[in-house]
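Enquirer: One-letter residues, chain by chain:
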Amino acid sequence: GAVVSQHPSWVICKSGTSVKIECRSLDFQATTMFWYRQFPKQSLMLMATSNEGSKATYEQGVEKDKFLINHASLTLSTLTVTSAHPEDSSFYICSAGDMRQPQHFGDGTRLSIL
Amino acid sequence: DQQVKQNSPSLSVQEGRISILNCDYTNSMFDYFLWYKKYPAEGPTFLISISSIKDKNEDGRFTVFLNKSAKHLSLHIVPSQPGDSAVYFCAASANAGGTSYGKLTFGQGTILTVHP
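The listed protein sequences derive, respectively, from chains A and B. Residue 1 is where the first sequence starts when you use the working numbering, and the numbers rise one by one after that. Residue 1 is where the second sequence starts when you use the working numbering, and the numbers rise one by one after that.
Any given hint could be a false lead.
Only some residues are given here: those of chain A computed to face chain B with a beta carbon under 7 Å [what the hints assert, rightly or not]:
#1 L46
#2 T49
#3 L76
Below, a list of computed lysine to aspartate or glutamate pairs in the DMTMM-like style, where the Cα atoms sit at most 20 Å apart [what the hints assert, rightly or not]:
#4 A/K14 x A/E87
#5 B/K5 x B/D31
#6 A/K20 x B/D31
#7 A/K66 x A/D27
#8 B/K71 x B/D55
#9 B/K71 x B/D31
#10 A/K20 x A/E52
#11 A/K41 x B/D24
#12 B/K37 x B/D24
#13 A/K55 x A/E22
#14 A/K41 x A/D107
#15 A/K55 x A/D98
#16 B/K37 x A/D107
#17 B/K38 x A/D107
#18 B/K68 x B/D24
#19 A/K66 x A/E87
#20 B/K5 x B/D24
#21 A/K41 x B/D1
#22 A/K41 x B/D59
#23 B/K68 x B/D31
#24 A/K41 x B/E42
For the record, the hints were derived by calculation from the structure and aren't laboratory data. The structure displayed is predicted, hence computed values, not measured ones. By construction, the Cβ of each residue, glycine as well, lies at the ideal position given by its N, Cα and C atoms.
Based on the provided sequences and hints, a complete structural model is requested.
Expert: This is the structure we're talking about:
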């Protein structure tokens with residue numbers, strides 16, 4: 001089946017640094033990738049929709065200058081958390097999809113900001 | 001505004017019995033529904049989906065039922081196995097032409113525990 005790879009799986013960094021998370025679709029071309037955030041014991045909340053070659057569409061309340069999304073190819077999207085602070089600590093998950101199959105998810109990135 | 005709701009935070013079932021997970025939604029524009037299974041520290045794994053033009057879809061031990069008039073869907077797992085123990089999320093998509101191409105709105109999840 002379709003595989004989505006997300007890297008890194010876990011990152012700890014100091015407050016004020018920027019962190020980049022990669023999401024790759026390994027066996028299909030993902031015209032659209034999605035970025036979610038999950039707080040403990042809560043649902044996945046969509047942050048933004050990323051279409052290859054165009055600007056991402058952010059959900060209400062998500063700061064686009066804080067969470068930079070780049071979707072430069074049909075197999076790679078990146079999320080950069082800029083100037084991260086402890087409140088940005090969370091579980092970030094990407095998904096990839098096209099017109100022919102359900103969205104498939106990466107294994108997520110656990111981000112801890114000290 | 002929680003457009004997709006899973007009102008049961010947890011469900012405990014004996015091995016071999018049926019597990020029924022429920023999901024309600026409020027947005028009448030949703031036209032595609034999915035169930036995902038999630039283990040801790042992993043991303044959700046797609047299980048089964050259903051388009052709004054159908055009321056039932058079956059795949060092995062998993063069956064999803066959709067009642068559009070009640071805005072309710074359910075996932076039946078039979079027979080349940082200990083390996084089914086995980087968090088189950090229902091998700092919905094609107095205006096996606098019956099596909100999951102559009103963005104997904106997730107419920108809060110139900111923790112299923114299947115006892116041997």
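Enquirer: Are the hints correct? Go through all of them and say.
Expert: How the hints compare with the structure:
no.	hint	verdict
1	L46	5 Å, holds
2	T49	6 Å, holds
3	L76	17 Å, violated
4	A/K14 x A/E87	12 Å, holds
5	B/K5 x B/D31	16 Å, holds
6	A/K20 x B/D31	34 Å, violated
7	A/K66 x A/D27	30 Å, violated
8	B/K71 x B/D55	11 Å, holds
9	B/K71 x B/D31	11 Å, holds
10	A/K20 x A/E52	18 Å, holds
11	A/K41 x B/D24	19 Å, holds
12	B/K37 x B/D24	17 Å, holds
13	A/K55 x A/E22	17 Å, holds
14	A/K41 x A/D107	17 Å, holds
15	A/K55 x A/D98	17 Å, holds
16	B/K37 x A/D107	12 Å, holds
17	B/K38 x A/D107	10 Å, holds
18	B/K68 x B/D24	10 Å, holds
19	A/K66 x A/E87	12 Å, holds
20	B/K5 x B/D24	5 Å, holds
21	A/K41 x B/D1	18 Å, holds
22	A/K41 x B/D59	28 Å, violated
23	B/K68 x B/D31	10 Å, holds
24	A/K41 x B/E42	14 Å, holds
The structure shown violates the earlier hints numbered 3, 6, 7 and 22.
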